[in-house]
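Undergrad: All chains should be built: construct the whole structure from the sequences, respecting the hints.
Quick note, the sequences are listed as chains E and F, same order.
Take 1 as the starting number for the first sequence in the working numbering and just add one per residue.
Take 1 as the starting number for the second sequence in the working numbering and just add one per residue.
Hint data in this document are derived by calculation from the structure and do not stem from the laboratory.
Everything numeric in this text was worked out from a predicted model, so none of it was measured.
In this text, a Cβ means the ideal position worked out from N, Cα and C, and glycines have one as well.
Hints are not guaranteed to be accurate.
[Claimed, not checked] Computed cross-link-like contacts, SDA-like style, restricted to lysine to any residue with a CA-CA straight-line distance of at most 20 Å:
hint	chain 1	residue 1	chain 2	residue 2
1	E	Lys274	E	Gly232
2	E	Lys274	F	Gly331
3	E	Lys260	F	Glu431
[Said to hold, decoys possible] Simulated restraints on C-beta separations:
hint	chain 1	residue 1	chain 2	residue 2	range
4	E	Arg289	F	Gln308	25 to 33 Å
5	E	Ser383	F	Gly158	53 to 61 Å
6	E	Arg185	F	Asp694	57 to 65 Å
[As the list claims (entries may be wrong)] Non-contacting residues of chain E with respect to chain F, defined by C-beta distances greater than 12 Å in every case (computed):
hint	residue
7	Pro28
8	Leu61
9	Ala163
10	Glu293
11	Ala306
12	Glu431
13	Glu438
14	Ala465
15	Gly469
16	Ala496
17	Asp510
18	Lys528
19	Arg559
20	Gly575
21	Glu659
22	Val698
2 protein chains.
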Amino acid sequence: MKDDLTGSAIAAIFSPRSVAVIGASSNPTKLGGRPVAFLKDYGFKGEIYPVNAGQAEVQGLVSYKDVRDIPGPVDQAVIVVPSQHVEEALRGCAEKGVKVAQVLSSGFAEADEAGRARQERLMEIVRETGIRITGPNALGSVSPPDRFCATFSTAFQGMHPPAGNVAVVTQSGAFGSCTYVMIARRGLGLSRIVATGNEADVATAEVISYLADDPETRVICAAVESCRDGDGLRAALRKAAAAGKPVIFMKVGASELGAKAAATHTGALAGNDKVFDTVIREGGAWRARSIEEMVDLAYVFAVGPAPQGPRAAIVSLSGGIGVMMADSAEGSGLELPPQSDDLRARVHDILDFAEGSNPLDVTAQVAVRQQTLPVIYDTLLASGEYDAIMLYLANSGMSPTAFAPHLGYVLEVRAKHPDKVIGVITPAHPEVQKALEEAGVLVFEDPSRLVRALGAAGSLAGLRAAALGVASDAGTAPRADLSQPLTEARAKRLLADAGLPVPAEAECGDAEAAARAADGIGYPVAMKILSPDIAHKTEVGGIALDLKDAEAVRTAFTRITDSARRLAPDARIDGVIVAPMAGEGAEIILGLHNDPVFGPMILAGAGGVMAEMLGDVSFASVPVSREAAERMVAPGDGWTRLLDAWRGRPARDRAALVEAICRLSDFAVANADQVDGVEMNPILVRSEGAAVLDALIVPRSA
Amino acid sequence: MKDDLTGSAIAAIFSPRSVAVIGASSNPTKLGGRPVAFLKDYGFKGEIYPVNAGQAEVQGLVSYKDVRDIPGPVDQAVIVVPSQHVEEALRGCAEKGVKVAQVLSSGFAEADEAGRARQERLMEIVRETGIRITGPNALGSVSPPDRFCATFSTAFQGMHPPAGNVAVVTQSGAFGSCTYVMIARRGLGLSRIVATGNEADVATAEVISYLADDPETRVICAAVESCRDGDGLRAALRKAAAAGKPVIFMKVGASELGAKAAATHTGALAGNDKVFDTVIREGGAWRARSIEEMVDLAYVFAVGPAPQGPRAAIVSLSGGIGVMMADSAEGSGLELPPQSDDLRARVHDILDFAEGSNPLDVTAQVAVRQQTLPVIYDTLLASGEYDAIMLYLANSGMSPTAFAPHLGYVLEVRAKHPDKVIGVITPAHPEVQKALEEAGVLVFEDPSRLVRALGAAGSLAGLRAAALGVASDAGTAPRADLSQPLTEARAKRLLADAGLPVPAEAECGDAEAAARAADGIGYPVAMKILSPDIAHKTEVGGIALDLKDAEAVRTAFTRITDSARRLAPDARIDGVIVAPMAGEGAEIILGLHNDPVFGPMILAGAGGVMAEMLGDVSFASVPVSREAAERMVAPGDGWTRLLDAWRGRPARDRAALVEAICRLSDFAVANADQVDGVEMNPILVRSEGAAVLDALIVPRSA
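TA: This is the structure we're talking about:
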């Protein structure tokens with residue numbers, strides 16, 4: 001992130017006063033001809049300067065032999081010459097004082113070793129001169145409000161993207177044009193489009209950061225195949241969140257197969273996809289899994305007010321559709337709270353035959369008392385119990401005439417509640433759709449798609465608030481001395497020093513020492529044989545549990561050591577370990593993982609072999625605030641259910657686990673340069689307190 | 001299911017020669033007027049007989065005072081009189097010899113107790129006279145090939161559903177009309193539409209059974225809110241599978257919230273949704289989760305050939321889109337096998353710069369060598385390695401002119417491989433879409449939606465084959481004597497008699513008996529204190545593990561009983577239990593669950609508390625064939641991972657678990673009338689063999 005340069009250089013990608021096309025062709029269908037043709041065709045009002053060594057005129061415009069020959073200032077250059085000439089062209093641009101050059105030429109790092117070297121030479125020019133570049137292997141940019149179109153993508157041939165408030169920034173040009181066409185076909189307008197290609201210099205994050213300030217942009221759609229600058233992405237997302245602009249993010253390669261294909265395609269190894277997911281959420285953004293999901297969500301924000309939260313009411317002409325929508329809400333982030341008793345009584349007063357609460361089934365009978373519908377809508381929204389209302393209006397929208405009364409009802413409520421989201425589900429006639437959307441009402445044909453889109457949009461309110469909350473309330477941990485071998489005992493001691501709940505354990509050489517240690521620890525205690533040669537303690541009778549007094553400890557010492565000597569005659573017996581009884585609790589894994597792009601991350605999940613096999617873990621970026629730790633262990637689906645009360649068993653001590661997460665985060669901060677990983681598996685979380693039963697610290701290899 | 005009557009009565013729902021409308025009105029916008037108006041408007045060629053006691057003519061047709069007055073035969077009657085007059089009307093229909101009456105009137109079981117009684121009286125007439133009814137509270141039927149439209153749904157006003165090969169059978173009329181409108185807007189034609197309402201008599205299953213034989217129908221879309229006749233549904237699904245017709249099934253109320261809403265709406269308690277899921281899959285059908293998913297899948301079968309399997313090849317003009325499609329394939333049922341080495345070499349010979357294997361990224365560069373594309377398509381399909389091919393053609397489809405060469409390539413390959421599925425992804429111009437679909441090529445705008453639809457369609461091939469496989473290779477189990485109390489020991493004995501792997505355990509009163517028992521069991525053995533008064537055996541030193549010979553057994557007997565007497569002085573000590581060492585293995589839950597609608601089901605999943613909390617279990621209907629048992633434990637996501645090899649640990653003995661499932665199935669068959677449930681939790685599945693460590697049998701309450 002080069003914040004001081006951002007404004008001018010990135011602005012020049014979209015809104016230059018003048019643009020040079022280096023490698024311009026007289027043939028408007030050729031690669032070098034298209035940017036000139038598009039710029040003319042779109043009606044770009046700034047200066048267009050073709051640059052072509054061999055021609056004095058290109059497509060009716062004066063052409064220059066060299067970018068340095070151009071008389072006026074040049075904000076942007078589009079470079080479409082063969083890869084071996086790009087370096088020279090870029091040097092010319094730098095000398096001319098061009099702010100940003102879009103290198104559309106391919107044959108760089110994406111191609112081969114020679115290309116990688118060529119790309120590195122471009123970056124040397126960037127570093128030397130301060131010029132900025134997109135690409136190489138970029139697809140250029142389009143800015144409908146500026147009637148600017150600098151690309152050779154045929155997707156822009158004939159189809160002018162309408163100006164609007166949705167921005168699309170992608171690494172891949174094909175991904176971008178697929179996205180923008182789906183957005184345009186959905187009836188949405190676009191503010192800025194750019195495809196950043198190899199991202200040698202300008203990366204997606206920097207563009208997002210610019211768009212956060214861009215008055216033309218309300219919603220940001222982004223798609224990447226890889227990310228190199230984790231902190232840059234974090235900062236850009238937070239900036240957009242602070243500006244109140246939703247970022248809808250796609251990163252491909254989430255699946256095992258997709259990751260393999262992405263590695264083939266980009267040459268980059270996929271990091272842990274869950275870490276990426278976490279960083280997106282922490283930034284207050286939404287990770288979309290398909291282009292359609294991205295477009296649906298962009299639609300919600302582009303057309304209506306941003307939802308203030310995830311609470312929605314369903315009003316349905318059909319009970320079955322209402323139930324299906326409730327099914328679709330599961331896991332979507334949408335909440336469908338039942339009406340309060342008071343609200344329910346008022347709704348029932350208005351329409352006595354309405355069934356259920358949320359979904360509210362007004363039944364097909366409502367046809368005879370249609371005029372009650374706007375009263376119900378108003379009552380639901382005025383209650384303050386909902387952030388959004390979804391209206392299933394059957395097939396009424398197919399005919400503008402038949403829909404006329406509904407249109408009246410919906411617009412009436414729209415005017416009364418400008419800050420609430422209103423979504424209508426009906427197969428809408430284009431006129432109906434236009435009238436609703438112009439008033440800021442969402443229109444969907446498929447009920448489940450509205451539910452999922454609103455679930456995502458409603459979740460974003462909370463995610464943004466969390467992203468902008470207290471950045472960190474981290475404490476400090478002592479720096480660990482890693483000069484000694486990191487045995488389990490040593491690892492536990494270091495974690496105990498950092499405040500983690502490691503139970504006191506004592507190594508005792510004789511029965512009296514064991515009894516004294518047990519007195520100190522408090523009863524009941526457990527006892528394990530202490531021997532460097534015995535791996536499976538149970539098999540030699542080497543474990544005694546639940547010892548209730550000193551006498552039992554002394555007896556057990558003799559029994560255990562005798563048994564071990566008899567059953568493992570060759571083993572060295574050093575005595576026993578005395579420890580408090582672990583007791584009953586949930587076995588949780590708590591660890592520190594060092595991501596190559598995003599740095600240290602805390603992870604927590606179901607402990608034991610299940611955890612590893614099912615991969616059910618949550619991540620959070622270090623430093624982890626107390627609030628973030630609480631969100632990690634909050635009730636929900638997945639592993640955190642292990643902490644819930646269950647069949648009369650009390651709930652586990654979430655606060656103790658939250659505390660442990662915070663202390664591990666402090667440990668990670670204090671030892672960022674020397675620790676690569678920590679794994680406590682399990683940490684036993686009891687109904688009161690927690691205990692680290694096993695621990696491993698992996699030092700950073702020098 | 002009344003198979004002998006199915007043909008004529010259900011046929012009369014869609015293709016009657018004559019129809020009476022009882023309660024016909026002269027006003028074509030009223031409930032009673034609409035069916036007459038629609039029938040006339042749609043051009044129904046059969047006889048239309050309005051029945052209205054007060055009028056001699058209705059909408060230009062001769063009207064009758066009573067259905068019995070009609071001169072000719074009447075195949076179908078549509079009843080739209082108020083609920084209190086339906087009984088009388090139905091009796092008239094029965095006397096007239098009407099085959100089926102569609103009772104559209106509401107005010108029956110869906111309303112209140114009096115309505116329930118009214119519905120029961122209708123069923124008495126059905127049982128007495130043999131007349132069949134749909135509804136009450138039905139929405140009628142539409143059959144475009146017959147130009148027949150007997151409904152009062154305004155959805156059919158003005159919009160005539162085009163004739164085609166997709167049938168829609170739903171309980172809820174609103175659900176049905178939402179579905180059929182989405183199907184029609186997708187450009188598909190419809191064969192039959194019916195909404196069965198309360199299903200007092202004719203239920204969804206019976207209609208599916210009819211549609212399986214219906215030559216007009218190729219794809220069956222069904223949606224229910226409840227199901228009462230589990231075996232009827234099973235038989236209908238199997239019949240459709242045998243006819244090679246895909247059934248796409250929705251049942252709402254899958255989520256917790258949805259189930260609650262459904263209970264409010266239908267008054268029926270939701271059964272276990274996973275059981276429903278299982279029955280649908282076992283019937284070779286697909287459970288859709290949204291109407292859009294249902295429509296997408298219907299589209300695949302309505303437009304192109306049915307996929308022969310789930311193996312698909314992706315050819316993409318964009319690497320990023322290919323990777324995203326691979327992501328979307330995860331969990332969709334679609335398989336994306338890499339090209340064989342030989343195939344890969346051939347593809348590379350054709351296009352040397354193509355990257356990857358599957359997805360195959362032909363890159364935007366292919367534009368200069370477009371004519372290689374059909375060669376690649378042909379090579380991929382001719383290899384026999386794929387059942388389907390998906391072509392991401394960027395935005396080329398927006399212009400018929402630009403798409404012309406692609407259209408040629410695709411149609412060429414379509415002609416060469418008529419049995420393969422070909423899907424094109426592009427935002428298609430209507431002309432482009434029409435040309436492709438008419439040739440049997442699928443067209444999608446969103447890449448992920450094609451992937452998911454083909455995943456479902458491709459899975460159906462395997463599901464159908466499984467559904468039609470060997471019905472059962474069940475063995476026999478002895479009938480259990482349940483006259484004695486069903487203690488754990490007794491339950492284990494009964495299950496052992498049925499062939500389940502219950503380890504031999506011996507109750508021994510003295511050390512010598514214990515040693516003899518251990519000799520018989522084989523070493524090593526475990527020993528547990530035997531006392532009705534001691535619940536926590538560990539706490540009294542009451543357990544000894546891994547005893548390797550008779551001497552160790554004798555010593556342990558003394559140690560254990562001494563320890564227990566000392567630490568639990570008031571407990572009655574009966575001796576010890578000697579058992580083989582359980583060893584290391586996966587703890588699995590294996591059980592029998594009796595579903596109120598679908599009968600006995602075997603369940604298997606992760607054992608212990610995780611299983612219950614995470615609900616990660618698989619079901620299968622009893623009797624379970626060996627093949628079905630193998631599918632239950634087959635490698636995949638979820639709990640069966642516990643059976644996989646993992647980090648050098650050997651795989652668990654799946655065959656032993658399969659055997660146990662089959663034996664439990666036999667036990668369930670032999671004891672169907674007297675056993676309500678069985679739970680073995682856990683059955684320990686080792687690298688060789690399995691052992692039931694705990695067992696519970698719940699007898700059927702009389």
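Undergrad: Look at each hint and say if it fits the structure.
TA: Now the hints, each set against the structure:
no.	hint	verdict
1	E/Lys274 / E/Gly232	holds, 18 Å
2	E/Lys274 / F/Gly331	holds, 17 Å
3	E/Lys260 / F/Glu431	violated, 37 Å
4	E/Arg289 / F/Gln308: 25 to 33 Å	holds, 28 Å
5	E/Ser383 / F/Gly158: 53 to 61 Å	violated, 37 Å
6	E/Arg185 / F/Asp694: 57 to 65 Å	holds, 59 Å
7	Pro28	holds, 15 Å
8	Leu61	holds, 26 Å
9	Ala163	holds, 19 Å
10	Glu293	violated, 8 Å
11	Ala306	holds, 24 Å
12	Glu431	holds, 15 Å
13	Glu438	holds, 22 Å
14	Ala465	holds, 24 Å
15	Gly469	holds, 29 Å
16	Ala496	holds, 28 Å
17	Asp510	holds, 22 Å
18	Lys528	holds, 15 Å
19	Arg559	violated, 8 Å
20	Gly575	holds, 21 Å
21	Glu659	holds, 24 Å
22	Val698	holds, 17 Å
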